[in-house]
Amino acid sequence: MRRISLILVPYLWLLALFLVPFLIVLKISLSDTALAIPPYTPTLDLSGWETFRAFVGALDMENFVWLTEDDLYWKAYLSSLKIALISTFFTLLIGFPIAYGMAQAREDWRPTLLMLVILPFWTSFLIRVYSWMGILSQEGYLNQLLLSFGLIDEPLIILNTPVAVYIGIVYTYLPFMVLPVYSALEKLDGSLLEAAEDLGCSRTSAFWLVTVPLSKSGIIAGSFLVFIPTLGEFVIPSLLGGSRTLMIGKVLWEEFFNNRDWPVASAVAIILLLILVIPIILFQRNEQKQREAEG
Amino acid sequence: MRRFSWFNATSLTFGFAFLYLPMIILVIYSFNASKLVTVWAGFSTKWYGELFQNEAFLDAVWVTLKVAIISSTLATVLGTMAALVLLRSGRFFGRTLFSGMIYAPLVMPEVITGLSLLLLFIGIGLDRGVLTIVLAHTTFAMCYVSVVVSSRLTTFDQSLEEAALDLGCSPFQAFYLVTLPIIAPAVISGWLLAFTLSLDDLVIASFTAGPSATTLPMKIWSSVRLGVSPEINALSTLMIGVVTLGVICASLISKRSAMKRDQDERTAERAEAA
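In order, the protein sequence lines correspond to chains A and B.
Numbered according to the numbering used here, the first sequence spans residues 1 to 295.
Numbered according to the numbering used here, the second sequence spans residues 1 to 274.
Rather than coming from a laboratory, the hints here were simulated on the basis of the structure.
Please read these numbers as outputs of a predicted model, since none were measured by experiment.
Keep in mind that a hint or two might mislead.
As the list claims (entries may be wrong) - Think about it this way: if two alpha-carbon atoms lie no more than 30 angstroms apart in a straight line, the pair counts; the simulated DSSO-like pairs of lysine-lysine are:
1) A:K289 x A:K187
2) B:K260 x A:K187
3) A:K187 x B:K255
Kindly produce the complete structure, drawing on both the sequences and the hints.
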């Protein structure tokens, strides 16, 4: 009896507040725009086969067809993918040396360095993104600095361009890359590198042939931890990207709050999820492999 | 192996400068007297004064704290239960679905979680306000809590609990007297994580809040969209300060308890040897 109630409480909670809402999104994405705009009642009448058939009959793919016809959505999906890929790459490029430096640092420094990487994670995400608005704007600190050194004659326009979005993503998601890479590098057995060098490897080739392959699982985990949330990101493109940066999370938000087109917003959500399924499965597989390797 | 070179030193220096400079600039300019945020016009704390007179902000702080405390506590209870179910209950009907529902919210984009919960609340006719934000935050935070707690539970020696049962404890007593104290650090960090996630959340709160409740991130969001403002700089500084203090205190406490544990173990060893 006790076991059943232990299972039932969290189970029912998640069914009611995770699965059912998700099914509602699925249902509304298949409903007609005119019918489903508020006021509307998503009551699913299962009283009989006839009503169920009528319910199923009323569903159609209209919103999904609409998504393929209007190229705004295509562009938004593609540009989200592009932005997520490029910023994952740059996060790795900047995060790897940090993780490497941490793993090579003196042992008694490491906890402090680790805390310094985690600390920004506890401060508000919104504020971390906001802090770049003052730096990157046309009269911002970066332009002031560059102008005063005479490096540029005119202020650079960075805020409200994709470049600002890349900077924002790399900045906010950097800890997600550094931590898994660091934990992989920390476990690395130094004698392997010595062996490689004894056997005639240069330091650079020992790095590429030993260090990188052995930290692969950390690199993969970090990349997915950056890539997956970036794909549906809303705050960063809205604050730093301006109107010219298209990202699907922003499109969904605007479709819902500004255009009040719920069925299209739901269809956008469903497709975003479908796109996310592949990286999520790959990520899970990587985690599993790592767990098996560790026994 | 000591290969700490100039390369490592530079990458660490630049890396941490990149992580911390934006926040340091924010803190410095929150003491700027000028209304123009990017022009320094002398030291002043006037923006802090204005912040504390801004009723809307103070209301939002109160709503946010209320939501965060209730939802993180609920999420800790539910998440710990879920972790116990995942690791202890063996096979039961719909187990795969259950573990799927625990992990899915972790990777679900916030816009989708927010949208789907809003559609549910409208569907069942629940008035949107503090309650709906609490429900939403509890749901996604419990998944994080259950991941944190279950990682601790996997290393937990179950024979301790069995011993308690053999010695006449009821299952609840065994949990309360044996398991809970051992997994307590994970439960506490789960609560802290849930609390921060709730304090931090803009997107899900915006979808589920409705007009009657505004959280602090929502308030910040609506003023930040118009550009950089000195009041927000002051508010950010306060928030950064609170978090920094909290993290430093937490790490000092955990360091102390680790040292104490070491000492206890050594004393016990000595006693055994004697």
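Problem - Hints not upheld, ascending by number - result: none
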